[in-house]
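Sequences are here, hints too, so could you generate the full structure?
Residue numbers (this note's numbering), protein chains in the order written: chain A, 1 to 515; chain B, 1 to 314; chain C, 1 to 374; chain D, 1 to 322.
Calculated directly from the structure, the hints in this document are not laboratory data. Treat the hints with care, as some may be off.
What the hints assert, rightly or not - Pairs of lysine-lysine, DSSO-like flavour, derived with a Cα cap of 30 angstroms:
(1) D:K318 / D:K140
(2) D:K309 / C:K182
(3) D:K38 / D:K8
(4) C:K182 / D:K318
(5) D:K34 / B:K118
(6) B:K273 / D:K321
(7) B:K118 / D:K67
(8) A:K130 / B:K170
(9) C:K186 / D:K83
(10) D:K140 / D:K237
(11) C:K182 / D:K83
(12) B:K273 / A:K115
(13) D:K38 / B:K118
(14) A:K130 / A:K198
(15) B:K273 / D:K298
(16) D:K88 / D:K8
(17) D:K309 / B:K273
(18) D:K318 / D:K291
(19) C:K186 / D:K318
(20) D:K264 / D:K298
(21) D:K140 / D:K83
(22) D:K38 / D:K264
(23) D:K262 / D:K291
(24) B:K273 / C:K182
(25) C:K186 / D:K309
(26) B:K273 / C:K186
(27) B:K118 / D:K237
(28) A:K159 / A:K65
(29) D:K88 / C:K186
(30) B:K273 / D:K318
(31) B:K118 / D:K83
(32) D:K38 / D:K67
(33) D:K38 / D:K262
Claimed, not checked - Residues of chain B placed beyond 10 angstroms of chain A at every Cβ, according to the derived structure:
(34) E3
(35) K89
(36) P135
(37) T145
Please read all numbers here as calculations on a predicted model, not as lab measurements. For glycine and all other residues, C-beta sits at the position ideal for the given N, C-alpha and C.
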Amino acid sequence: MWAVRMEKITKRFGPVVANDAVDFEVAPAEIHCLLGENGAGKTTLMRILFGLYRKDAGEIYVDGKPVSFSGPRDAIAHGIGMVHQHFMLAGRLTVTENIVAGAEPRRGVLLDYAKAREMVREVSERYGLKVDPDAHVESISVGQQQRVEILKALLRGAKVLILDEPTAVLAPQEVGDLFDIMRRLKEGGTTIIFITHKLKETAAISDRVTVLRDGRRVATMNTADASPADLAELMVGRQIVPPARKGHSPDGKVVLELQNVSVRGGLGAGARTGGAGGKARLNNVSLQVRSGEILGIAGVEGNGQLELEEVIVGLRKPTSGRVLLNGRDITRLGPRGIRDMGVACIPSDRLRRGIVDSFSVAQNLILGEQTSAPFAASGILQPRKIVEHAAKIVNMFDVRTASLDQPVGSLSGGNQQKLVVGRELSRGPNLIVAAQPTRGLDIGATDYIHRQLLAMREQGKAILLISAELDEVRALSDRIAVMYEGQIVALRPAEEFTERDLGLLMAGQGVGVAS
Amino acid sequence: MREILDVIFDINNVTATIRMATPIALAAMGGAFSERSGVINIGLEGMILTGAFCGVLGSYISGSPWLGVLFAVVGGGLMGATLAVFAIKLKADHVVSGVGLNILALGLTSWLMQVLWKNRGTSVSVNGLPMFSIPVVRDVPVLGTILGTHSPLVYMMLILIFLGWVVMFKTPLGLRIRMAGEHPEAADTVGINVHAVQYFSVILSGCLAGLGGAYLSLAQLNWFSMNMSAGRGYMALAANIFGQWNPIGGLGASFLFAFTDALQMRIQTSPIKLPTDIIQMLPYILTILVLAGAVIRSRPPAALGRHYESGRAA
Amino acid sequence: MGTREGDLSRGPAARVVRRAAGWLARPGVSDIAYSAVAVLLALVIGAILIAASGYSVIDAYANLFDGAFGSIYNLANTLMMATPLLFTGLSVAVAFQCGLFNVGAEGQLYVGGLASAVVVLVLGPAVPGVVRVLLALVAGALAGAVLAAGPGYMKARLGAHEVITTIMLNYVGILLTTFLVKTYLKEPGPVDQTPLLPVGARLPELIPGTRVSWGIVLGVAAVVAVDYILRRTSVGYEIQAVGRNAAAAEYAGVNVPGRIVLAMVMSGAIAGLAGSSVVMGTLYRFITNFSPGYGFTGIAVAVLARNKPWGVLPAALLFGMLQSGGMSMQLFARIPADLMTLVQGIVILFVAAPALASMFLARSRFGARTGGRG
Amino acid sequence: STGVAAPKARVAVVFATGGLGDKSFNDSGFAGLKRAEKELGIESQYAEPQQIAEYETLLTQFAQTRKYDLIVSIGFDQADALKVVSAKFPNQKFAIIDTVVDAPNVASYVYKEQERGFVLGVIAGLMTTKTGDPRINPEKVIGVVGGMDIPLINANIAGYMAGAKYVNPDVEVLYSYVGAWADPAKGKELTLVQFNQGADIVWQAAGRSGLGVIKAAEETNHYAIGADSDQCYLAPKNVLTNGMKFVDNTIYTAIEQVISGKFKGGIHVLGLAEKGLGYTTSLVPADIVAKVDALAQKVISGELAIPDKIQDVEAWLKAHKK
Ligand SMILES: Nc1ncnc2c1ncn2[C@@H]1O[C@H](COP(=O)(O)OP(=O)(O)OP(=O)(O)O)[C@@H](O)[C@H]1O
Ligand SMILES: Nc1ncnc2c1ncn2[C@@H]1O[C@H](COP(=O)(O)OP(=O)(O)OP(=O)(O)O)[C@@H](O)[C@H]1O
Ligand SMILES: [Mg+2]
Ligand SMILES: [Mg+2]
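Given below as structure tokens:
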């Protein structure tokens, strides 16, 4: 008997058929991987299972019994829990509040905060998911936030746990931790549906795998029987070959230089990014990025990468130190001036900083260029030019949208990211700051963006790649700097690091070995 | 100089402050509940007005001012329910629904007044609430003057503000309200009925503003007068924001507004000779200065003003 | 599934079609249809109220219609009533486009109105009338802009919520103008008001013999200008970007505080012109406390217009119509003004709730053709 | 009240924006109109505009019908509109209250508000020394709460100050303004401030805001003075007297004159002498009534000309030292 069986599930959003008569079965206590390109319909299928979307057609069986959910409450009552792709957390509330909301322990009419904290501590210890119960969610790292999400589901007694791209925001170490947790849960009898774009992870953790493509199921098989290459081909319909990288010329012109840059916590941009705390966020960081090279910044998120990104694009003034671009001091120039000097930036938080989701595709594609030729002439926008440009980028970067007038908010996450990457790379920059550029992207899109970055490198651009994705950093970078607690603890040519070295350095161990 | 200090530190200013802050603080707390749940409430003005009217109507019908207070709470609550239906169920823009409600309340109360009492301007006088003195407190020198004798609704306000704070920050319901206003999807996915929580909050908001109205018409006065809310709903709106969507903060802001107003009134009859219009500007200028000086970055609930529809219906 | 539509964007014909559709949404036909249905529904409720109160519905609505459109004079009246609302509605809408809620149009229109009056009176007859009118309009806009710039600056630099500051500045604007008039500009007599503006230095009548002035043309021009700025200029783009996602705008190099101040300045300038249009085109002088709340009604106008410049036009006309028609209803059908106020509130609520109209439409055959929404 | 027979006259009234229900001149004017309907057999029609911009339209709409024998404008802010309309319709008879429109077909009725203030000041100035009355305290302080700081209200206040200090130079007169005509709660608070400063008699000249003045007096057991009409019923033990303004009589008389063909344009200045203004004796002790009646006589005879500006009071007092 299946733990969950979904039969001929169909879901339409207007003209879009997100799920087209999808059959999907999960066995009890298995880890089932759900694969598919961006927009294949994975999230939609799972949201239907969780009662968030109402299906247009089809049947759902839980433990063999037909069910009909009119909302998540029903799904939760049937032991289904879901960790969402975009976290469902209220940033201003505490960890405890987020976890217990809807299932609060009471003392009389009051919420028993002591008990709630205790419950959180208890579950988090049982499953080895450490979080500070009193921290405000907006002030903890994404990895931590994810734990909060998992705790939420576990506290509600989930027997079927849906994890929608949980690893997209995690550092390698954290992915390892998550897998340990998943295995422990599985041993305890929990069924897990796991969505990912990383075939390595599929192989590492899952028992079986289902592939969706264009809203239809194309295959379900035992993981052991599927090679990564086959799966990739099933997903995107073509073979994915990792891009080749030409040799590195170590003596290009220095484009970006940071000299002893420090940023101390407090208000300022920190207030806007939600980070709090008064410790040093960047500590005496010095580095150079030369034209024709990719400098990779490896590190667990929350170790100063965001501050680094903000300092370089001018959103944050360092407390000390200087930033030079082509030899010119840009420390106090501000985002406008820095952009005008030819800096492109793919922000790490694309939803918040990369797009205006109620603007159309065409409008978003000139964000940051709204005052520059050819899109504006003496302050007047040039719709012709803007539309031509949009059409070009949408084509070049394979942004899937119904039209150029579509609000960007209605695009899938992957397509939003492609749009941002396309916009930034097409600006003809001489420095590219790419922060988590492939987060959440499917293998096809990831491959595409990697190729684009490498092409930029061939053109002699200087590229600063900030990524929590070890494989990505290793595959693309000429040199790698490891950040830990606001400091650069190692900076060497890429080939001098082993994967293990990097992992240890990122975890704050082996600082002694830093060069 | 001496005279100026006498004017500023006149203890009666403080007593007047408490009186004048009462309706504003109640409505501000109403605003806090509504907005914490995600529904913008520009309709406080109309809710106060309706409460004031219903209060008099209740006392007129029953002869009992306390039944009048009940009427006011119910009347304000009905206005809240109207706002809720439009803003939540019918997905009307929250701001425009509130504006519409204010106009509706003005028309409705004036109209009913003609129907009931054949007079547009003022109703008949009804039984108002008697003053209440706290036995021991009233004899304490300074405290007695400030807090010793007030309308029972003043004490009720102070208690309600505290209770409101407890509900908002110390109870499961409060958590659900805050979650609905911060992240309705998150609330929905943990099984919280977002709309139910919003209905509750907006209706409660109307009840509280209605009670504020009853204070005007049954405690400060004992009749209804056309448009007697006289902008207090807008002041409550400001007080709620100033108070960071927290009932106690709202009370603080209401005290600030009321105190500067009391000061203004006191200055008018003091030896400080300034043009009346300049004196009357004082509360507003002072508020702006305090706001600028305090550097309070108001951060509204993240999902304020948004219509939430769980994916079920999508 | 999303389809690849890149090729759709090639070819000049396709471009024209797309641009006609507008790459910034304008209020669509459906918006207008829904609003019209909502107004009708509200009038039906009004009819029930009128009938229940013992008046003749036919008489009432015949007078409403006649008062609003029955003659050139009445039509002009509707336009006159709509004129200040056109400005204040536009003012509030502009601020909303930048994510700002300007509750201060009322105060801004007072200072604008006074500034216009002062310029006309101070310049005196030596200066040609046209010049005086133009300078007075500029002064009105400037004064409104100055009063709005404060909240804009405090919002941008100090994070002070504009709702609080603009509410407070309303009172300041009204009291300050009163003070200035009393102290420096008062015409002797029982009213605190400036002397009459000379005939040559007024906004002339648009239709001779009626009360509608060129103010309404000015208002339409403002709509056109604001629409153009928002849709077609870099600055307008930036203002909207800030309104929709300030963090992204900042990341993209937009001067966010600057745009916030600019949006408030634009909003204030337009509100200031509301005052100028009344002072120079209707009352012909500044009278203390002259506004019956044009600034507050402007909020309703703006939101009914979905904050779109072109939407402000029908929304303001609707209010003008209800007011001038309401006057006739009161006068000739003897319906008390309060009932009209009541109906106005209902109209606003109904028009604000497209779902109500669509529920209604869904049940009628009309709905089958326009399709569902929302 | 309209019979089958043709009415004696048709009268239209355009009220001030405050509208009916102000318990002040709109209501008083309305009462005059109703009395004329009943007693003179006229037919009437009226409008309650919401904003100044409507005046001209309404006056025009009435005048256009050419069926009204008299069109009355209530309130000083209708002057501009009436000036325009009366010129357009030179054969139409108009009347306006509280201000002057200089046109042959307009009868303008203005009141010497300061005379009413004067007699009330006399009463209050004498009364505040009667410390035997439980509502009177030892301090010689009286007050007045105005609706807005405008000339019409200030003429009242000036007369009040002059009257009080004329009979009792030691008396201190407090005055403050609500800043609104329809905020009784605020009117009450302002009054409480004055009571706290030692006042025991406060006059209200604040429209509906002024009803709060009477409430404050009742609650704290002090005296209030009513305005425009007899407001004793609001607090029978605490309304000392009322400053009357007979807009009803004015309108009634005007209508009467229209019917009898005696109507004449021009300025009619109404004061105590013309019985356009007055006061009630209500709770005023007989000795004070006698004194105030005597002084009123001096005003009526023209012996005392009361100042109508607050800043002129000092000088006037000096000139009239007894
Ligand atoms: N609420 C919605 N309204 C309209 N369209 C939607 C909605 N949710 C999803 N879609 C569309 O349905 C399709 C499937 O989306 P879904 O989010 O399920 O994809 P996915 O497989 O989870 O992609 P990704 O890997 O990018 O998360 C996409 O084309 C998407 O644009
Ligand atoms: N409507 C009215 N209400 C009150 N008093 C009025 C009214 N009309 C006239 N009066 C006053 O009654 C008196 C007689 O008025 P009438 O116009 O008959 O005489 P008059 O001597 O011709 O007027 P005037 O004094 O303006 O020259 C005058 O003192 C006048 O001011
Ligand atoms: Mg997804
Ligand atoms: Mg005394």
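For each hint, the structure was consulted:
no.: 1; hint: D:K318 / D:K140; in the structure: 20 angstroms, holds
no.: 2; hint: D:K309 / C:K182; in the structure: 14 angstroms, holds
no.: 3; hint: D:K38 / D:K8; in the structure: 11 angstroms, holds
no.: 4; hint: C:K182 / D:K318; in the structure: 27 angstroms, holds
no.: 5; hint: D:K34 / B:K118; in the structure: 14 angstroms, holds
no.: 6; hint: B:K273 / D:K321; in the structure: 26 angstroms, holds
no.: 7; hint: B:K118 / D:K67; in the structure: 29 angstroms, holds
no.: 8; hint: A:K130 / B:K170; in the structure: 25 angstroms, holds
no.: 9; hint: C:K186 / D:K83; in the structure: 19 angstroms, holds
no.: 10; hint: D:K140 / D:K237; in the structure: 21 angstroms, holds
no.: 11; hint: C:K182 / D:K83; in the structure: 23 angstroms, holds
no.: 12; hint: B:K273 / A:K115; in the structure: 61 angstroms, violated
no.: 13; hint: D:K38 / B:K118; in the structure: 18 angstroms, holds
no.: 14; hint: A:K130 / A:K198; in the structure: 25 angstroms, holds
no.: 15; hint: B:K273 / D:K298; in the structure: 33 angstroms, violated
no.: 16; hint: D:K88 / D:K8; in the structure: 25 angstroms, holds
no.: 17; hint: D:K309 / B:K273; in the structure: 16 angstroms, holds
no.: 18; hint: D:K318 / D:K291; in the structure: 21 angstroms, holds
no.: 19; hint: C:K186 / D:K318; in the structure: 28 angstroms, holds
no.: 20; hint: D:K264 / D:K298; in the structure: 29 angstroms, holds
no.: 21; hint: D:K140 / D:K83; in the structure: 46 angstroms, violated
no.: 22; hint: D:K38 / D:K264; in the structure: 23 angstroms, holds
no.: 23; hint: D:K262 / D:K291; in the structure: 37 angstroms, violated
no.: 24; hint: B:K273 / C:K182; in the structure: 16 angstroms, holds
no.: 25; hint: C:K186 / D:K309; in the structure: 15 angstroms, holds
no.: 26; hint: B:K273 / C:K186; in the structure: 21 angstroms, holds
no.: 27; hint: B:K118 / D:K237; in the structure: 26 angstroms, holds
no.: 28; hint: A:K159 / A:K65; in the structure: 15 angstroms, holds
no.: 29; hint: D:K88 / C:K186; in the structure: 27 angstroms, holds
no.: 30; hint: B:K273 / D:K318; in the structure: 22 angstroms, holds
no.: 31; hint: B:K118 / D:K83; in the structure: 34 angstroms, violated
no.: 32; hint: D:K38 / D:K67; in the structure: 20 angstroms, holds
no.: 33; hint: D:K38 / D:K262; in the structure: 20 angstroms, holds
no.: 34; hint: E3; in the structure: 42 angstroms, holds
no.: 35; hint: K89; in the structure: 17 angstroms, holds
no.: 36; hint: P135; in the structure: 30 angstroms, holds
no.: 37; hint: T145; in the structure: 35 angstroms, holds
Hints 12, 15, 21, 23 and 31 from the list above are not met by this structure, while the remaining hints are.
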